[in-house]
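So the protein sequences, as listed, match chains Y and B. This note's numbering puts the first residue of the first sequence at 769, with every later residue one more than the last. This note's numbering puts the first residue of the second sequence at 4, with every later residue one more than the last.
Hints are not guaranteed to be accurate.
Covered by chain B, per the in silico footprint, the following chain Y stretches (three or more residues, Cβ under 8 angstroms) [claimed, not checked]: (1) 776-790; (2) 891-898; (3) 978-990; (4) 1054-1065.
Okay, the calculated bits of chain B under chain Y, using three or more residues with CB under 8 angstroms as the criterion [said to hold, decoys possible]: (5) 33-42; (6) 101-108; (7) 145-154; (8) 179-192.
Hints were generated in silico from the structure; no laboratory data involved. Glycine included, every Cβ here is placed at the ideal spot set by N, Cα and C.
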Amino acid sequence: MAVYKKTYRPYDGELTPSWTRLLVIPRYAFAEFRGKRFLSIFFIASFIYPLICALIIYVQHNASALGLLGVQQGARNLIAINVTFFMSLLGWQSMLALFLASFIGPGQVSPDLANNALSLYLARPFSRVEYVLGKMSVLVVLMSLMTWVPGLLCFCLQGYLEGWQWMKDNPRLAAGTFFGAWIWILILALLALALSAWVKWKPAAGGLMFGVFFVAAAFGAVINQVQRTAWGHLFNIGHVVGSVWVQLFEGSNRTTNGAVFFRAPMGEDLPMWCNWMALAILCLICLYMLARKIRGAEVVR
Amino acid sequence: MDPVIELDGLEVRFGQRVILKQLKAALTGRSVGLLGPNGAGKSTLINTLLGFHKPSAGTARILGRDIRTHAREVRGLIGYMPENDAFIANMTGVHFVRLMAELAGLPAGHALERAHEAFFYVGLGEVRYRTLGTYSLGMKQAAKLAQAIAHGPKLLFLDEPTNGLDPPARVRMIQLIQEIRDRGDLHLLLSSHLLHDVEDCCDEVLILKDGNVAAFCNLEEERRANRRFLEIETRGENNGCFLEAVEKLGCETAPGAQGRIKLILPDGLEVRRLYEIAAGQNVQIRRLNHRRDSLEDIFLKAMETANGRL
């Protein structure tokens, strides 16, 4: 029917399967993301470090390229492709993911809450869980592309050039990259959405993201200094995540101190279950915050 | 006729406070008005039917589906226009309505087509590519109506649809609602403080007071019943005699101040007879009205009852 025929007519066409409605929110969010030049440039720029890593892996295995660089074959291990290499790659990319989550995360829920749009979403055959998952998926996809996807691609490139045996000897590098990134992504996504749900002003919510990481880390450091203990590290999300990463990458044979912002110096270790527990509690707090705010109608008791 | 909305002992509590108290009603009308003073539970009832609040006891059925067990299916049948501003500020009008239609289950192409149609239908065709944040209050109300009807619901919840509208915009909104109602494709539940809005658009009315059903009636039947109900204003010294003569004809009378009299005519008695009796008694009938404000009377009567329970 032509739009100029101004009349109401019922809809009797086909309906989409209910599980596909979850994908509507990320589709609109990605369309909006593409329209923001700064974020698009930032996202593309975030692949520079993985490209450099891939280049290093390639050069390490290419004798003629090493010759062109004037490096002797014996010196090919100047930059070793080992656990530190992959953890650094994950660390840098995860740091950039924090920035991306701070830029994009606050814009996910707060505009809907500020303008009471939640009642419209939830008045449809669309649940609160689907709403949160839909909003989360935007962050999860973008941060996955920044973290574990390039990490695993570099791992595959190294395995391809070094040989199957290397891959068989280093499965922890792939597993650590994949699961380590997912832990970080889940924490960031949940935290970004929870803060976005509670702080309706987008810049404030973005700033608070950094506050949670850096101010809490400073608070933990003060506790450590005053109490002469290491338990203050539980407030330092970077330290907690770093400890988990080290365990994922190296198991009990620890040789590194984490990477970049995710440092967990040897000698300041906390029991591993405490680190996992701290992350679980953080996630539960975020879920509770979301459950309180993501409602079709506010209840005034 | 199967009820559109059936309230079956529906009770909603917020903490210790009981907001809706064991509501029982079967609403069968094509358009139902929901009336009540502030805090009566109108919005809570709508929110509960939408699944935003869980009933603490009882249940409700919408077009035969239980809101407790088929909440998702129920929401698929409903279009909802909330009372307050509800939109995504940085989105254009047509994209917003398209998003909402897609979330209701329409494929992307159909959703876009329906969004355009809905915008033209509510009179916002020319501004559909403007961001919603720049819309005036009246435009936002119309956009809310567009998103509520775009997916072709079977039941439309309109919560204070004329809130904040200037008189021409209000008239336009009422006309739209009447048009939608008269097409007969969907049912309406209209919550409003404005009795005129409800009277203009609804054929049934449910009045809530303190979380109870204070009154529930069919307006059409009330109107029919009131056709024999007159209010007259008389002048003259023989008012008493006039009243006696009228009562002898079988009229029920209720005299008021300054010669005002309320009358219920018996069947078969023509109004002309009243003028004849008045002339015979040397009484002037200065004004004669058929009673029209039936809803107002029903509402006021419902508000007078002690606890609001029928």
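Hints, verified against the model:
1. 776-790: Result for this restraint: holds, n = 11.
2. 891-898: holds (count 5)
3. 978-990: With 0 residues in contact (Cβ-Cβ under 8 angstroms with chain B), the coverage given for the segment 978-990 of chain Y is violated.
4. 1054-1065: Answer holds; 3 residues pass the 8 angstroms Cβ test.
5. 33-42: Coverage by chain Y is violated here, the residue count being 0 at a Cβ distance below 8 angstroms.
6. 101-108: Since 6 is at least three, the answer is holds.
7. 145-154: With 3 residues close enough to chain Y, the hint holds.
8. 179-192: Held - the segment 179-192 of chain B has 5 residues with a Cβ nearer than 8 angstroms to chain Y, which meets the minimum of three.
Going through the hint list in order, the structure does not satisfy hints 3, 5.
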